[in-house]
Amino acid sequence: MTGPALTPDPATVHLALLGVVHEGGESVVLLGPGEGFWPAFTASQEYAESAPDPLDRWSKRVIGALAHAWGGVPVFPSDGPPYPPFIAWALASDRAWVSPVGLLCHDTQGLWCSFRGAVRLPGRLPRESGDNPCARCDTAPCRTACPAGALTPEGYDTARCHA
1 MTGPALTPDP ATVHLALLGV VHEGGESVVL LGPGEGFWPA FTASQEYAES
51 APDPLDRWSK RVIGALAHAW GGVPVFPSDG PPYPPFIAWA LASDRAWVSP
101 VGLLCHDTQG LWCSFRGAVR LPGRLPRESG DNPCARCDTA PCRTACPAGA
151 LTPEGYDTAR CHA
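Each residue of the sequence shown is one higher than the one before, starting from 1 at the first, in this note's numbering.
Bear in mind the hints are in silico, worked out from the structure with no lab data behind them.
None of these values were measured; they are calculated from a predicted model.
Take these hints with a grain of salt, some might be off.
In silico lysine to any residue, SDA-like type, Cα no more than 20 Å apart, as pairs [as the list claims (entries may be wrong)]:
hint, residue 1, residue 2
1, K60, G71
2, K60, D9
3, K60, W70
4, K60, E46
5, K60, A92
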């Protein structure tokens, strides 16, 4: 999935374009970890500092710079309350679906899908839809992958996980 042409490309800062959602006359560009994300983050000043929330601070700096370059407004999962509807946006992007164990499953990131932020842009950017990986998965290994059995169709059983 290539998505709309945005310069600079989010891949240059180790982020992936995970979907585009239209809201009225605007587009919300969803961003998450891309190739080389973790080494880039752990080499950052935010990681080296002893201040709280280094990953959120890194995300705000990097996505904030992309938003500025693209002429948009950055949005982050930690903004709020009220909190931005990242899960609803993911589902509306046609690139993420609810898996059999209740977690989001993305067309390219699978169950490892996470959103570091988004950029709200004027206009309606082109959207690409993906194929639901769960629709072509006959065995649903996610149902039995957790040795504690904490991943269930009803959701994530934190008590069982911590037991």
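Worksheet item: Which of the numbered hints are not met once you compare them with the structure shown?
Response: 5
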